[in-house]
Structures are given as structure tokens and as C-alpha cells.
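*Asks:* Each chain, written out:
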Amino acid sequence: MTLQEIGASLAGSQGEADTPAKQHLMQIRDLDIHFRSDDGGLARVVDGATLTVGRNEIVGIAGESGSGKTTLVEAILQIVRFPNRETHGQVLFSTRAGKQVDLMQASDREMQRLRLDEISYIPQGSMNSLNPVVRVGDQIVDGMVAHGTNARQAKRRVTELLDRVGLEPKVARLYPHELSGGMKQRVIIAIAISMEPSLIIADEPTTALDVNVQRRIIEMLARLRDEMKVSIVMVSHDMAVHAQLVDRVAIMYAGQIIETGAVRPIVRTPMHPYTFGLMAAIPSIDKPRTRLDGIRGSTPSPRNWPAGCRFHNRCPNAMPICTSVPPLLAPVTPGVRQTVSGEIEVHSGREVACHLYEESTPDDARVGEGAR
Amino acid sequence: MSTETSQPILALREATTVFGHGPRATVANSRVSVEIPESPPTLINVVGESGSGKTTAARTLLGLQKPTSGRALWRGRDIYTLSDSERTQFRHEVQAVFQDPYGIFNPFYKVNRVFDIVVKRFKLASSKAEKQRLIEESLEAVSLRPPDVLGRYPHQLSGGERQRIMLARAYMLKPKVIVADEAISMLDVAVRAVIMNILLDFKEQLGISTLFITHDLSAAHYLGGNIMVMRQGRVVEKGTVDDVLTNPQNTYTKLLLESIPSPDPDSRWKTSASDLEVLEEQAGVSQV
Chain A
72 MTLQEIGASL
82 AGSQGEADTP
92 AKQHLMQIRD
102 LDIHFRSDDG
112 GLARVVDGAT
122 LTVGRNEIVG
132 IAGESGSGKT
142 TLVEAILQIV
152 RFPNRETHGQ
162 VLFSTRAGKQ
172 VDLMQASDRE
182 MQRLRLDEIS
192 YIPQGSMNSL
202 NPVVRVGDQI
212 VDGMVAHGTN
222 ARQAKRRVTE
232 LLDRVGLEPK
242 VARLYPHELS
252 GGMKQRVIIA
262 IAISMEPSLI
272 IADEPTTALD
282 VNVQRRIIEM
292 LARLRDEMKV
302 SIVMVSHDMA
312 VHAQLVDRVA
322 IMYAGQIIET
332 GAVRPIVRTP
342 MHPYTFGLMA
352 AIPSIDKPRT
362 RLDGIRGSTP
372 SPRNWPAGCR
382 FHNRCPNAMP
392 ICTSVPPLLA
402 PVTPGVRQTV
412 SGEIEVHSGR
422 EVACHLYEES
432 TPDDARVGEG
442 AR
Chain B
1361 MSTETSQPIL
1371 ALREATTVFG
1381 HGPRATVANS
1391 RVSVEIPESP
1401 PTLINVVGES
1411 GSGKTTAART
1421 LLGLQKPTSG
1431 RALWRGRDIY
1441 TLSDSERTQF
1451 RHEVQAVFQD
1461 PYGIFNPFYK
1471 VNRVFDIVVK
1481 RFKLASSKAE
1491 KQRLIEESLE
1501 AVSLRPPDVL
1511 GRYPHQLSGG
1521 ERQRIMLARA
1531 YMLKPKVIVA
1541 DEAISMLDVA
1551 VRAVIMNILL
1561 DFKEQLGIST
1571 LFITHDLSAA
1581 HYLGGNIMVM
1591 RQGRVVEKGT
1601 VDDVLTNPQN
1611 TYTKLLLESI
1621 PSPDPDSRWK
1631 TSASDLEVLE
1641 EQAGVSQV
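Chain order of the listed sequences is A and B.
Numbers in this note's numbering are just positions in the first sequence, counted from 1, shifted up by 71.
Numbers in this note's numbering are just positions in the second sequence, counted from 1, shifted up by 1360.
Don't read these hints as lab results, they were simulated from the structure.
Since the model is a prediction, treat every value here as computed from it, not as a measurement.
The beta carbon of each residue, even a glycine, is placed where N, CA and C say it ideally should be.
Hints may contain errors.
To be verified - Covered stretches of chain B (chain A as the covering partner; in silico rule of three or more C-beta atoms under 8 Å from a C-beta of chain A):
no., region
1, 1457-1469
2, 1486-1500
3, 1510-1524
4, 1624-1632
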């Protein structure tokens, strides 16, 4: 089959990308998180983020430091009540009871119930936040009791939870300083799953760990997804972690989601020039030793994002339009592209915010096309 | 000095460093030996998990941590018994870049001060114009535009820019060796490549050797040269990057290699979880 033929056969199946709404566990719609400072300046830390998380799906959020990853997931849980914070948009979450709640409008009481019960959060570095003077078993019990579990029942569950995360029952009687980094992270995950939530949000859960421990934690998260039918939002700056764990990934740059879709095509044939640069900058022991380029320039400030496309001043493919008109995140027509290694790959459900992929742009101007 | 081609510029000979004493003593380095030749310029990667003794070895080489036993040598002389003039020369030839580009600057001063102090201390320029020229040349060597960074305060610069300023500072002194301790681990991926490329350019164009400490085997692979794998204060494997990474002899090195996640979703870990467990047991890695 030629590229054109595959493309034509795909055109008919375009509707498949729209999963029925009931399959969505969470829908983030056009979410802005802005901070106003005393001098009247506005830091638009997250701008117009739209992202869906399906049931039993692992969605990754990638991007460099300062791109808004953490602020985005913190807003989902309504845990940052910074003065002068301005939010717009919706985060629709389907509760266990079958109701759809907008987390941006939910009362404090409702949020308190939802946290841990239905949505649990593993903040960055949380393995270092265990109470040093309380045995870890008791710390696992604490959360369950706060959410209405009978204390005796909660205690009985500890062994089972530790087993789920690959720890022996005796660990319950240890103090945090007696545990290795990997074991502490496992305890944190045991707490996160204690109320059997439908969504776990994990912010850089493997970042400070040694590489062999990191592999263990990634494999465990994948296993928990299968065993507990839980959805996971995985925040990480490390594209290799996403490649090994997530189903879909959203790439953030300067407060916006600039590319999203299934992880495989995104890492293999990145379309947005930023994603392309990011993937090209990763050293890998599987790659031949050739000079990596990196991305020129540095991240702009949220108080003063560049006009038009926020990446234009660092973009090797920038066109005149990029300096003035902000590109919108738009679905890319399902189609086929050739990967770097010459294989043909199908693309559907892919969205990119880049003028290069608008109808009027000639094909040969696109990322990587000319270079290959 | 150029006649002594066989003498390394910097070396550890059986350096052992023990913190504390009695039964609770921690052996941070146990008989660690390494040689950094003056020529040809060489990249030596030091890899290992946290707590394996990488930083202690670096601090010993920099003259910051006297070993309990064994020796740390600069041009064959003990680093910890240098005379004042020798010490100045040592400080000129051996430069350091550390992990945290945020903690290294004094927030009250503009970044220019980093350069001013070096110029004054090592008498690098005899006039203001010469100093300015030297600063600009150094910034350009690390692909920074002088007007973008000069006259600014540290908080106005990104982590990658700050780390490049430390490399520009090293460049000014044209050192023989740079000791880079986790110099890229706090930086974004897109910037890491820039920093590693600067070190490669320094080696090729200026003949500067680098001792590159990292927990990231992919970075070591990218830089090439030699590698030394550390674990629990000991050197467990040594060789060229190509040999060690393609044909590791030590079980712990194998375990590390088998654990690296690939950025390609189709390239999953080759060893199964149960084989990995066997490897962990052989390498003496306890429950993780």
C-alpha cells in the first residue's frame, strides 16, 4: 500500500478519535491559571490547557522546568490557593457515584472528600515528607481513617497495601529513616492507593531515584494500572519515562499544551518543532554517538511570553506568521508519515499547535521533512 | 613540564576517605585510584548511584577533602601539602563545575563579579579593555551573547545560562582539567546537550580534560572516553566507555545498564523482571 492509500483508508475512521464522553474520567477544558502580582503584572503560568484522561489510561505531561506542568496538576486538586490567583475553565471529573463535578467550582468539603478517596496526589519529592517519628504503617492508616475507614479495618489493610507495592509486612513497623529511597516512594504509593482512587496524579515520582529503582517504580505503576483499573496522570521531564509508561502524552511549553497524542508516534515522529528539538536532544545508549543539537535560547518568563507562537524565537522553522498569530492546538488529519527509520506510521488523535500544520502551509516546510 | 608526558596532571592513588569513626564509620571512598592524563586530553566519566562515593572522589581531587589514607596528586605532588604558589598554580589548572547552578552565585552581586574576581586573582588582564575582551571571548566560547548576561543578577538567568557562566569562567583560566560534578543533572534536557557539547569542544579545541561525574549512563555514552563505575565507595569497573557499556563485566554495571529507560517505546527493557531480580541479588542490591 502506498502512503496515499493508507491515508485514504484512514480518512473514514476519523470519528474514532472522539471517544464517547462517558469513557472520560476527567476532562480539562480551556484551563487558565494566572497569577497577578502587586505591580499589576500578570503571570500566565498555564494558558488554555485542554486535556482528557480516559478510564484506566496513563496520560503523561512532559515539558521543561517552568513550563507549567506542576501548576496544572496542582490546580486539578485545588491545592494552591495563592493570593491573586485567577483561574478560568473547567476540570470535569466523573465521580464514582456517576456524577460529573467541575473541580474548579467544587466546595472545599467536596474537594476534601475527593482527594485520596477518588483522586490521589503524589507531589514531587513527597517521599521525603513522611513523618520521621511515626511508623510507616500508622501513616498509611492515617489517611484511610481521615476518609472514614474504621481504624481496625484500616490496620488490617496495611499488609495488603504493602504487598501491592512490593514491600514486606514488617515494613509497617519501620520508621522512614530505616527505608531506602525506593522503599519510601513505595510507601507513598501505598498511601495513594489506600482508598482505591480512580485517578492517581504523580509529579516526578521517579526523578530523585537511582536508575534501577526508577525502573522498579515504573513497572509497579504499570502493574497497578492493570490490577486496580486506575488512571494515572504522570508528570515528568524525562521523555524516556513517558516512552516506557504512558499511553498518551501532552507536551507543554511556556504554559501551553503544544502537542498531544499517543506516546509512540509523538516520540518517534514529533511534529511540533519544540517536541522535535526535545527528542533530538536526548542522549541514548541505543543511538550512535553523533552530536546532539539541543534547543537554542532559553525558556521565556511567564510574565512576558513572546507574542504569537511562544516558541517562535527559538524555533528553527519559524515563519513570519509565527511572530504575531498564536497557533491553536488543533487535530492533525489522521494520516501517515514516514519515521526516521523509514517505517510508515499511522497517526490519529494527534493534536499540534503549530502553523506548520495548517492547511495553507506547503508540505515541504514541515518539521523534519526537508531534513530527511 | 611538557617532557613529562607520562605523568598525569591529576591522580588519586588508593585514596580512602572515612567519615566518623568506630563501628558507625562510613567509608565514602575505599582505595580509589584514577589518573587524568595531561595529554592527550581525556574525558573520564564517573558513574554510580547516590552514595557511591563519586562526589567524595571529586572533592578529594579538588583539594577540598583530605583523604584518610592514600594520596591525591597534582603533577606528582601531594595536593594537600602544596606551597602557596603551587596552590595558586593548582587552582589555575584545575577548575570545578558543580551540580547546583543556583547555589553557586551570590545573589547580591551581578554575574560580572564571577569574572572580575578571577581576572584579579589570577592577573589575567592588564587593562580594562583587555579584561572586557577576555570576558566576551569566554562567553562566546560557551555560546552566550555577552549583552544577554553581563550586568544581570543571577536570578535573572536560567539554570543553563548560569552553568554556562561557570564554564566561561573556567574557559578564562584555560585550565588543564575540569571536574564537573553532576553538572547537568539539574538542567532541562535541551540544555544538557549544550553543556556536554561545550565540554567536548573544550577537549578537542583547547585540550582540556574533564572528569565528568554523573548518574546518567546515557550522558557518559554520549561523551565517550573512559568510564569508572563506583559502588559503595569502591571502583567496581573501569575501561573505555565503549567497552564497558557494550560488554560490562561487573554485575552492578550490568544492572545499571539493564535499568536505563529508552526514549523509544518500542525498545523496552530487555531483561525480564525476574531476571533483573537475579541480577539485583548477584550485585548485592537489597530490596528497592
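*Asks:* Does each hint fit the structure? Answer for all of them.
*Replies:* Status of each hint after checking the structure:
| no. | hint | in the structure |
| --- | --- | --- |
| 1 | 1457-1469 | violated (count 0) |
| 2 | 1486-1500 | violated (count 0) |
| 3 | 1510-1524 | holds (count 4) |
| 4 | 1624-1632 | holds (count 6) |
The structure does not agree with the numbered hints 1 and 2 stated previously, though it agrees with the rest.
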